[in-house]
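**Student:** One letter stands for each residue in the lines below.
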Amino acid sequence: QSSESATTDTTEVTVILDWVPNTNHTGMYVAQDKGFYEAEGLNVKIIQPSEGGASSLIAAGQGDIGISYQEEITIARSKGIPVVGLAAIIQHNTSGFASPKDRNILTPKDFEGKTYGGWGSPAETAVIKAMMDKYDADINKVNMLNIGDTDYFTSIKTGTDFAWIYWGWTGIESELKNIDLNFIPVRDEYPALDFYTPVIIASESKIAAEPLLIEKFMRATTRGYEYAIQNPEESAEILLKAIPELDRELVLASQAYLSKEYQSDAPRWGEMKLSVWKDYADFMFNNSLIEKNIEPEKAYTNKFLPEQE
Amino acid sequence: MKKFINTAKKSSALFTLGLLLLLWEKGVSWYEIPAYILPAPTQILDGLLKHHQLLIYHTSTTLLEAVAGLSLAVILALIIGFLLHNLRVLYTAVYPLLVFSQTIPLIVLAVLLPLWFGWGVLPKIIIIVLVCFFPIVISFLNGLDLVDPDQINLFRSMGATKWATFKMVKLPTALPAFFSGLRISATYSIMAAVISEWVGAQRGLGYYMTLQQKSFAIDQVLGAVVVICVLSFIMVKIVDLLNFLLMPWNRNQLVR
Amino acid sequence: MKKFINTAKKSSALFTLGLLLLLWEKGVSWYEIPAYILPAPTQILDGLLKHHQLLIYHTSTTLLEAVAGLSLAVILALIIGFLLHNLRVLYTAVYPLLVFSQTIPLIVLAVLLPLWFGWGVLPKIIIIVLVCFFPIVISFLNGLDLVDPDQINLFRSMGATKWATFKMVKLPTALPAFFSGLRISATYSIMAAVISEWVGAQRGLGYYMTLQQKSFAIDQVLGAVVVICVLSFIMVKIVDLLNFLLMPWNRNQLVR
Amino acid sequence: MAQIRLSSISKSIDGLHTLNNVTIEAAAGESVVILGPSGCGKSTLLNILAGLIPPDEGQVIIDGQDWTNRTGRVSYMQQKDLLLPSRTILDNVSIPLVLKGTNTKKSRTLAQQHMEEFGLLGFENYYPRQLSGGMKQRAALLRTYLFASDILLLDEPFASLDAITARKMQIWLKDFAHKHSCTIIFVTHDIEEALLLANRIYVLSARPARVLKEIALDDSANSTMVKEEILSILDSETGDTYN
Amino acid sequence: MAQIRLSSISKSIDGLHTLNNVTIEAAAGESVVILGPSGCGKSTLLNILAGLIPPDEGQVIIDGQDWTNRTGRVSYMQQKDLLLPSRTILDNVSIPLVLKGTNTKKSRTLAQQHMEEFGLLGFENYYPRQLSGGMKQRAALLRTYLFASDILLLDEPFASLDAITARKMQIWLKDFAHKHSCTIIFVTHDIEEALLLANRIYVLSARPARVLKEIALDDSANSTMVKEEILSILDSETGDTYN
Ligand SMILES: Nc1ncnc2c1ncn2[C@@H]1O[C@H](COP(=O)(O)OP(=O)(O)OP(=O)(O)O)[C@@H](O)[C@H]1O
Ligand SMILES: Nc1ncnc2c1ncn2[C@@H]1O[C@H](COP(=O)(O)OP(=O)(O)OP(=O)(O)O)[C@@H](O)[C@H]1O
Ligand SMILES: [Mg+2]
Ligand SMILES: [Mg+2]
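Chains as they are written, first to last, in my numbering: chain A, 1 to 309; chain B, 1001 to 1256; chain C, 2001 to 2256; chain D, 3001 to 3243; chain E, 4001 to 4243.
None of these hints come from the bench; they were simulated from the model.
Treat the hints with care, since some could be wrong.
List of simulated lysine-lysine pairs, DSS-like, C-alpha gap at most 25 Å [unchecked claim]:
id, chain 1, residue 1, chain 2, residue 2
1, A, Lys278, B, Lys1214
2, E, Lys4168, D, Lys3227
3, C, Lys2214, A, Lys157
4, C, Lys2214, A, Lys177
5, E, Lys4080, D, Lys3227
6, A, Lys177, C, Lys2050
7, D, Lys3080, E, Lys4227
8, B, Lys1167, E, Lys4100
9, A, Lys157, C, Lys2026
10, E, Lys4100, D, Lys3168
11, B, Lys1162, E, Lys4213
Could you put the whole structure together from the sequences, leaning on the hints where they help?
**Tutor:** What follows is the structure, given as structure tokens:
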């Protein structure tokens, strides 16, 4: 952690993560380690939350910056919880449906007759249905099982065939474990599902009240992610130094993969497109995942991202 | 007179509850707290009514699990209590481990159990039994130790078998303690069932709460909490009723 | 002789534990169960040793929380026990609500509390106190009721004040019950602290366990469970020691 | 003139008529024994005399003053020793002094001076559970005596002792009362005990208790005859053996 | 010839020498009272006689047969009534019959026939806590009687009753024993009780108990003199009052 040499006007910033600290968050740990936050006069505290998700906590003022994902933000906004996306940490949705090779699941058609291990949310059902519909496959032939918090590798040993994973973490772990997987990326099958995950968020009131603070935070964070993009290995070490509990191999491999995915094909790191917000909101609305549609242009903003040098 | 006092007692607790709810309601509207942070009691009630069919559906599952788990815990507690009481070797070897088992955080188990026992009803029942078994068996064992050794001597002098002595002397003596343990377990049974549903359930109040929570419906989450409290209360009352029915000789001591 | 039996008792429980561990170790290697499903005890031990510095770091946080929460629970239980015992109105109005509070699943609270109380130490302490307070206050109240009314009459006949009677008669009489409640709370205190870290934390065993679980390191998760069990055991032993020190008149009854 | 006078006391407890117009007197230095069957209301009577409960009717007069429903004048010892298990013998017996405001150290010193006479010397730092029944009763007596040494109410103090130990305690108490000229009101259901200790015996009826007979015992009284008399009074009174 | 003979019984419990070469006999139909101070080992002696614990030395001979460390021959009633609170009076007293294999219904019918003699008629379906102390002791006596009607061991059966009730029970028991010509071994620390009930008294010493004196009470015996004799024996024996 950075030394607290900056004396007078350091501002405390609390960041609430979406999950346990992992390679998605590297940029922030880099910014902390390299003194980027300090340079902006910020003292950043990173907290791992409960299962609750960051959105309502951020809206409730229990934290300044949160990490969320597009689906959560969309649901939150449709319920009148005023949170706004500030940057997409990863440009494309790297999640998909993974299954051990021996289950022979090559396309969504093959989901039929298999057991899916999920966390029981209607959104999962909608996504799987959308992908299967393309192949005229019947979602009713999928055995949907709620496995809650159980990790992927145990779930496939205990009766499930496929699950929805992030390649950047679980997929990488499978490579380390030498478990051969078939992987069907969501965005390949259904472009409207190429949503942003994870996303940095803040509440509307925070943005209105302290735009300067947000700007400073985003400037430093951007530097952090840019550094991570260029120096995957060193960044991984920085994350490991901050969170020594993490598995070294996994972090190194994951970071190598993710550093290429942070910015990907976008003009700058973090930039989001209206079409992605609109398409996914429409998808959710059409599938009754939200009761009323949102105004996509209000759900996010790129204005706190620093201009390209 | 006694009846009156009892009624006064009950209504006094209800009064406090009412007062708290009123303060809550007024506080929420006074400070303009948004519903996604803390809904007012009336909003929770609205939510309950709106979702009442769903809630009945999920509640029935949870209740079934709780009753099944509690019943199993009772049976196990009786059997293991009997064994531990009669085999002192077993007692010293197993009892400390039973105590140890209570220190394992349930949520960790909730995550690990499916690993070993799959996704069926088994891991759920294990969690409920683990929660409910302990208070019953401890109280039961304590109750069995309350037996007057002279009473045992009397039965020995009359040439009674060990089993006859257990049935006629020890079991009835241990019943009140057994029931006070069962009462505690009944209080926790619903909560345990809900926790067991945190992982790997397709229905039940725990599942319902997770879902509602993920969609920011705190009113529904708190609604489910209300249902849990009420169910727990009913479970306790059922135990009290059983207590009353099974111990006719003890009846006028039931008044609390 | 007694000493010998005690040693035999303890070693008998240790023997069972050893046997179970051995079965586990052999079973895992016999059935070739992969470590990410069920690691062998030796693997867990390896993990413990590998992470021992980290574990000490996180354990110290959890232990501190547990001790703070438990202490607060004790203070609250003494104060509220005193008030409820002396003000019957309060007793009838508040007691049923206390019981009700026990039926709320902790995980729900762990999710909701940060929403209301933020990230400081407050929501953690609330959870620990909620778990630990109840057994102590219940036992304490029961203990206070054990006082012989004739003893009270005697003190009244000597013109003793209510406070003097409480201090000299009721408190010492209630102490054994108080300690048996405290023992239960001590057993649960570490577990409660771990759950309280579910609420959102930067360090502590709960935080560590979540991290390890999400990094697919079940051996480390189980290692943390071992640490929790051991800590809980130590907490209980500390309570037993306090019990021994604070009740010199009761000493030879401590043997279990 | 009587030092203690309970005049026309009546009392119902929980709707149960317990005392029916009971009048009892004791002169200074006298040992008065109240004898009555179990459950007749003897303890209730002493409770009233000690000021712990108010009578429905009647008055408690001590030294000419009205002490009805007021505590603090007389010392009262119940059937059980009621020693606090959490305190040593010395701390137990010094409780009345501490309650009256004497500091702990001084109370102990004062109490210590009586340990020998009560046969407790050397046991000051023992806990009650470490003593025999007789010793515990003597400790309770000492505590009673230290509260107020002139009037002692004793409610079946020796009922929990075995017959042989009880007899020794009775003899000790008789000597003690004589030496310190205390006024003693002694309640019992044991006729032998009453005969041994009393200057005067009040025989009470079964509940509701009323005074059946007042018997003065001077040196000329033949104890065997008095005993027969009391037995015949009680026999005709108690009625149904079966309840 | 003696029906019961305890010959040279010695016993240590937990390293505590309790019985020291005690020899006691009882002829058929005789009431033998064992009198001794509290804690001397009276109950231990009865436990040995009932076969509940083995003596270290000595033998239990009943009707010429060796019954050492064997239960089932004599009936045994302890100081406490030991009625099961979970059963009605009728069910309580029929327990010995049920334990011997008689079916429940028949046991009840058999037990019912004795309810009147034991003064329990009409209380068959009451629970023990609903009865007075005297009635509970009679129920316990009936249970004892129904197990074996010829030899009854009674361990301070009336010690928990108040003196007046106890006296009535003693008289009732005396008549009963006479009528049914039971052999009774009666343990007590109450001299009056011993004098009333006994054909013969064994006076035991303090622990370790040995027989200090055997006193036969025929009609010519002067009870006051016997009492004085026993008291003087015990007084010299018990030694230190303070423990
Ligand atoms: N607190 C009470 N509540 C209800 N009834 C009571 C209470 N105290 C006493 N009684 C009843 O009042 C009657 C008189 O009781 P009390 O204790 O004065 O009798 P006693 O003569 O002292 O009896 P004992 O010889 O058994 O001590 C009894 O029949 C008893 O049942
Ligand atoms: N189970 C036991 N464990 C240890 N010591 C015992 C036990 N039973 C009795 N004793 C001791 O043995 C001695 C004799 O006990 P026992 O009960 O036979 O005496 P007792 O004459 O019946 O006394 P009491 O008149 O009080 O009933 C006592 O000093 C007692 O302390
Ligand atoms: Mg009384
Ligand atoms: Mg005895």
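**Student:** Now tell me if each hint is right for this structure.
**Tutor:** Hint-by-hint comparison with the structure:
1. At roughly 21 Å between alpha-carbon atoms, lysine 278 of chain A and lysine 1214 of chain B fall within 25 Å of each other, so this suggested pair holds.
2. The straight-line distance between the Cα atoms of lysine 4168 of chain E and lysine 3227 of chain D is roughly 15 Å, inside the 25 Å bound, and the hint therefore holds.
3. With a C-alpha separation of about 17 Å, the suggested pair lysine 2214 of chain C and lysine 157 of chain A falls inside the 25 Å cut-off, and the hint holds.
4. Of the pairs offered as hints, the one joining lysine 2214 of chain C and lysine 177 of chain A holds, with about 15 Å between alpha carbons and a cut-off of 25 Å not exceeded.
5. Proposed proximity of lysine 4080 of chain E and lysine 3227 of chain D is contradicted: the alpha carbons are some 29 Å apart, above 25 Å.
6. Among the hinted pairs, lysine 177 of chain A with lysine 2050 of chain C is consistent with the structure: their alpha-carbon atoms are about 20 Å apart, no more than 25 Å.
7. Taking the CA atoms of lysine 3080 of chain D and lysine 4227 of chain E, the gap is near 29 Å; set against the 25 Å cutoff, the hint is violated.
8. Pair hint lysine 1167 of chain B plus lysine 4100 of chain E holds up; C-alpha atoms about 15 Å apart against a cutoff of 25 Å.
9. Annotation: proposed proximity of lysine 157 of chain A to lysine 2026 of chain C holds, straight-line Cα distance about 21 Å (limit 25 Å).
10. With a C-alpha separation of about 46 Å, the suggested pair lysine 4100 of chain E and lysine 3168 of chain D falls outside the 25 Å cut-off, and the hint is violated.
11. Annotation: proposed proximity of lysine 1162 of chain B to lysine 4213 of chain E is violated, straight-line Cα distance about 40 Å (limit 25 Å).
Of the numbered hints stated above, those contradicted by the structure are hints 5, 7, 10 and 11, listed in ascending order.
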